[in-house]
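Enquirer: What follows is the residue order along each chain.
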Amino acid sequence: MAKQAAAPIERMAGYKPHNGRRIALEIVTLILFILFMMPFVIVVFNSMRTNQDIINAPVGVPTDIAQIGRNIAEIWNNPNFNFLSALRDSVIITVISLAVISIFSSMAAWVLVRNKTRWSNLLFMSYVAAMVIPFQVVMFPLLTWFKSVGDFLGIPMLRSYQGIIFAYLGFGEAMSIFIFHGFIKGVPLELEEAADIDGCSRAGTFFRIVLPLLQPVFVTVLVLNGLWIWNDYLLPLLVLGASGNIRTIPLAVQGFNGAYVKQWHLIMTSTLLAMLPIVILYLFAQKYIVQGMVDGSIK
Amino acid sequence: MTSRQKRKLTEFLFLLPTLIAFLMVIIIPFIFGIYYSFTDWQGTGAVNRVVGFENYKAIFQEPGFLHSFLVTLLFTVLNIITVNVVAFLISLLVTSEIRGRNIYRAGFFVPNLIGGIVLGLVWQFIFSNILPSVGQSLGLPTLSKSLISNKDTVMITLVTVNTWQYAGYIMLIYVASIQGISKSVMEAAEVDGARYWTRVRKIQIPLMANAFTISLFLTLTNSFKMYDVNVALTNGGPVSIFMMKPVQASELLALNIYNTAFKYNNMAQGQAKAVIFFIVLTIFSVIQVTWNKSKEVEA
Chain A
1 MAKQAAAPIE
11 RMAGYKPHNG
21 RRIALEIVTL
31 ILFILFMMPF
41 VIVVFNSMRT
51 NQDIINAPVG
61 VPTDIAQIGR
71 NIAEIWNNPN
81 FNFLSALRDS
91 VIITVISLAV
101 ISIFSSMAAW
111 VLVRNKTRWS
121 NLLFMSYVAA
131 MVIPFQVVMF
141 PLLTWFKSVG
151 DFLGIPMLRS
161 YQGIIFAYLG
171 FGEAMSIFIF
181 HGFIKGVPLE
191 LEEAADIDGC
201 SRAGTFFRIV
211 LPLLQPVFVT
221 VLVLNGLWIW
231 NDYLLPLLVL
241 GASGNIRTIP
251 LAVQGFNGAY
261 VKQWHLIMTS
271 TLLAMLPIVI
281 LYLFAQKYIV
291 QGMVDGSIK
Chain B
1 MTSRQKRKLT
11 EFLFLLPTLI
21 AFLMVIIIPF
31 IFGIYYSFTD
41 WQGTGAVNRV
51 VGFENYKAIF
61 QEPGFLHSFL
71 VTLLFTVLNI
81 ITVNVVAFLI
91 SLLVTSEIRG
101 RNIYRAGFFV
111 PNLIGGIVLG
121 LVWQFIFSNI
131 LPSVGQSLGL
141 PTLSKSLISN
151 KDTVMITLVT
161 VNTWQYAGYI
171 MLIYVASIQG
181 ISKSVMEAAE
191 VDGARYWTRV
201 RKIQIPLMAN
211 AFTISLFLTL
221 TNSFKMYDVN
231 VALTNGGPVS
241 IFMMKPVQAS
251 ELLALNIYNT
261 AFKYNNMAQG
271 QAKAVIFFIV
281 LTIFSVIQVT
291 WNKSKEVEA
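One line per chain: the protein sequences are A and B, in this order.
If you read the first sequence in this note's numbering, its first letter stands for residue 1, the second for the next number, and so on.
If you read the second sequence in this note's numbering, its first letter stands for residue 1, the second for the next number, and so on.
Source of the hints: derived by calculation from the structure; they are not laboratory data.
Hints are all accurate, no fakes.
Cβ pair distances, simulated, as ranges:
#1 Ala73/A / Gln61/B: 45 to 55 angstroms
#2 Ile92/A / Lys263/B: 27 to 37 angstroms
#3 Val286/B / Val95/A: 32 to 42 angstroms
#4 Val77/B / Ser126/A: 30 to 40 angstroms
Derived DSSO-like pairs (lysine-lysine); straight-line CA-CA distance at most 27 angstroms:
#5 Lys6/B / Lys116/A
#6 Lys245/B / Lys263/B
#7 Lys287/A / Lys183/B
#8 Lys147/A / Lys263/B
#9 Lys293/B / Lys185/A
Residues of chain B placed beyond 12 angstroms of chain A at every Cβ, according to the derived structure:
#10 Val51
#11 Glu54
#12 Glu62
#13 Pro63
#14 Val77
#15 Leu78
#16 Lys151
#17 Val159
#18 Met244
#19 Asn292
#20 Lys295
This structure is a prediction, so every number in the text was calculated from the model and none was measured.
Ideal placement from N, C-alpha and C gives every residue a C-beta, glycine not left out.
Using the sequences and the accompanying hints, generate a full structural model.
Expert: Structure, rendered in structure tokens:
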């Protein structure tokens with residue numbers, strides 16, 4: 001009995017304050033938290049006000065909550081914003097890019113891990129090295145190059161879904177392969193060997209045996225790439241153009257802001273709409289998003 | 001086809017999609033990019049002549065670029081400090097035994113979900129409407145005017161927004177690291193009479209060396225590449241004087257590179273700036289990681 005009591009109780013390594021101190025800390029944290037959330041409160045409040053309200057009293061609470069409906073109605077079908085079509089384009093581009101990046105990167109990482117040749121090492125090292133290349137140094141030549149490739153193949157690579165998805169595969173794959181590579185190294189070979197002996201093809205081994213085991217690391221790859229692609233502005237600006245037919249949410253918000261300089265009630269409403277999808281997703285998938293971000297940074 | 005050949009073919013096909021995208025999106029544009037920076041390239045595929053180091057000579061005599069370089073360094077240093085200090089302090093708060101710590105952890109991360117364009121607009125409203133209004137009612141002259149339109153305070157606004165956006169993410173990394181510290185170590189020190197801050201300084205921080213390496217690397221690269229908040233919040237402005245020439249007070253390098261190419265239609269010089277950007281970022285990253293790793297060994 002005595003031994004059990006002496007065993008260290010598993011607890012967090014964090015600060016364990018006494019009651020008075022704890023309440024003080026709770027107050028400090030709460031104040032800090034309110035400050036952190038203030039911008040969101042400001043967005044919600046001012047989406048519920050008219051422009052005149054905002055000009056008269058920038059700091060103020062909404063008097064007529066129904067105003068948010070009128071604000072949304074005013075921008076919903078505005079050609080400079082066109083929220084639904086931007087939402088659709090953002091979803092299409094993010095979802096397909098994520099599918100392509102995660103499948104192709106896991107396939108490549110698996111082959112690279114299971115083949116210990118000089119070539120596979122060299123290829124893996126090139127992917128790792130390429131992670132230091134910033135977007136800025138390739139973005140201008142990429143446009144020229146995509147245009148020539150598109151002309152040559154007869155498939156437009158600029159202002160098209162396939163072009164931007166292909167670009168996201170290129171920019172996202174190095175880090176994804178790196179993350180998958182680290183994980184697959186720890187997957188035991190025995191399962192694959194058993195599948196081999198049973199006459200399973202190489203592709204079958206990957207898709208039936210290996211891929212299901214990669215689920216935890218898929219979360220990491222999807223979250224890291226998903227947040228980046230969803231919020232990315234510069235690549236869509238260059239590849240899709242500011243006034244092209246395909247516009248992601250960041251492009252739409254920036255385009256709208258350019259057209260309505262001082263219409264703060266509409267600008268605030270537009271940012272509110274732009275924030276909603278990802279915040280709603282976070283409410284449901286918070287655990288996975290936080291885990292994915294932490295795992296991705298540590299790898 | 002023998003089964004060995006079949007196997008090799010499958011593995012080759014598995015590597016192919018990522019390899020093609022890697023070559024098409026990163027490697028070929030990268031090589032073209034280096035080449036174009038030594039020519040009078042105008043953004044099309046054609047190059048009239050090779051000009052050697054002319055572009056590089058020109059950009060290093062351009063006050064706008066040199067100023068942008070200095071401002072980016074300033075921003076990077078300030079931002080690394082504020083993001084990491086704020087993130088570390090919050091991580092201490094949310095790992096102490098206060099009530100609601102899980103909600104706080106999830107909440108502080110929320111700004112990181114939202115893209116820089118949207119956040120930039122929200123904060124533009126705060127700095128140009130909310131804060132001046134608060135400043136006037138409190139009788140604070142410095143706050144009464146927009147901090148964005150003052151060349152001496154504009155950088156503070158960029159650092160504020162980026163810290164607000166990024167600290168929650170870095171906090172998650174510190175929280176994960178603190179949770180990994182053995183409880184018995186901290187408790188032993190407490191029993192030995194070490195005060196809280198002594199424990200943090202002598203035990204917690206050295207044991208978190210790996211998290212500091214990661215966080216400093218992430219904040220360094222993120223700050224140096226800062227683009228979308230810069231566009232949406234200040235768009236480079238206001239005007240300032242540097243080397244007796246008018247320059248853009250808050251135009252960070254990424255924005256300066258973009259503007260050189262598309263606003264001033266000088267693609268070749270924009271590309272030369274991008275190459276310098278790449279070299280400097282790589283050198284900084286290598287120095288930072290090497291320095292941090294040496295600290296990790298000491299710890």
